[in-house]
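**Student:** Spelled out, the chains give:
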Amino acid sequence: MHMSGRAPGVRAAGMLLLAAAGLAAWWAARAPAPPAEPAAPAMPARALPLPVAAHVLPPVPQRQPPAVAAAPLAGPAYGRHGRAVDLGGLTVAQFIDRHAPAARRGDPQAAQALYEALAVCATRDDPLPDVAAPADRDALLREQAQVRRLCAGVSPAQVQERLRFLAAAADAGLAQAQVDFYAEGPDGGGVSATLQADSADDPALAAWRAQAVAHLQRAAAQCEPFAMGLLASLYDGSRVAPASPALAVTYAAAEGIARGQPRSAALLQGAFGAGLTPAAVDAARRDGEQLARQACTR
Amino acid sequence: MMKALALACALLGAAAAASASEQSNCSAAKGAFLTGTVVSAPKFAAATQTIQGVKLSHTHLSLRADQDGKTYDVAMDNVFATDYVKNASSIPASLAAIRVNDRLELCGAKYTSGTGIHWVHTNCGDTPTTSAPNGWVKRFASSGSLGSNLERSQTYCYLWN
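Sequence lines, in order, name chains A and B.
Note that this note's numbering gives residue 238 to position 238 of the first sequence, counting from 1, and the numbers run on in steps of one.
Note that this note's numbering gives residue 34 to position 34 of the second sequence, counting from 1, and the numbers run on in steps of one.
Derived by calculation from the structure, the hints in this document are not laboratory data.
Idealized CB from N, CA, C, for every residue including glycine.
Treat the hints with caution; some may be incorrect.
Cβ-to-Cβ under 8 Å is the rule here; a few derived chain B residues that face chain A [what the hints assert, rightly or not]: (1) K43; (2) A93; (3) K138; (4) Y158.
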């Protein structure tokens, strides 16, 4: 147990923690020694990520980053939505000039294109994370410098306006925009922090959550498997949607069918169906099959 | 006093049973089981591999294990975090929330060289093996209760199908 931070003077709690520590020590002492290094593994049916070589590198002391101006291009530019964006050789400012008129006239495809370009610029001032290796920091700095070059002349107001174009495209029914609406989070800062935020009493946040789930459901109804997978995760336990193992199973089953890789009841039960009876898992799986049939057979 | 002691004993019994159950579950998942204290905060590690346009970045931290007192490098795949955002150059908030002195429970595959553990995530429903266990990262709350697997998301399992 974690011993720090206990309130002083609470004798019962203190006794409990001390006793817990004693038990932990006893348990650790009697626990079997950790297994020796695993034998050469058989190749799994499919390879999940395993860049072990990268894992085993010891942390290296930080050093000064290189001058980014001299660095080569870092590769494709990614938007807040997480996809590589093809600007066709244009800067974002040039891209805006080309697509803004149609987007402002209400063309949803143009709105989505404009959103995607501006979503690149949304990342230009993101704080860099603490990194495990200096080379990673160098690479992130190069990427950031590339994004800043692409976004030269684009104002923060224009960057923020992307959310309006995105909403227009999502409301018009573009499945990609409906997924991106979720990825952006309520304020365009990315959904990750929002998923951890405990602010159930924030009406604006509640409204965004409801709209994000509704957009993902509409995208799922258009046979967008990524939306189905996201919904399965959200219903599996998140602060975006109320936990519902049955709905998690339903959307996971639908996703499997949409991807041409149906999931067995046993797999669904293990991944999402804890607490559900096998009959309930089967019923939810059938719902997912029906959802996929309706969405994907057109 | 006696009531408190009785309560402590009862809770300890429950905790011991829970820990044994967790270890047993990890064995069934073909994983190596570790509990311990975080001694260095999470750090981002850029992807060395990209699949279908998704960069497989990691989050690393160090954990001193209860079992042997060694300090393990823990490599967590960001794509299996429940709040991962595709290709984000940042640590998912759920993993970034792990702090030094936090207590974690891990089930995964130990490095074949060095002192570390990886594959502390779902194996997407595959039959587990010692090199590809059905792993997890769980965080103890300050109350001592054990949280859910932070590395359980199946949203990106399609990348390996």
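**Student:** Against each hint, give a clear statement of whether it holds in the structure.
**Tutor:** Each hint, compared with the structure:
1. K43: With a closest approach of 4 Å, the B/K43 hint holds.
2. A93: 4 Å, holds
3. K138: Hint violated; B/K138 Cβ to chain A Cβ min 13 Å, cut 8 Å.
4. Y158: Holds, about 6 Å.
Checked against the numbered hints given earlier, the structure breaks only hint 3 and satisfies all the rest.
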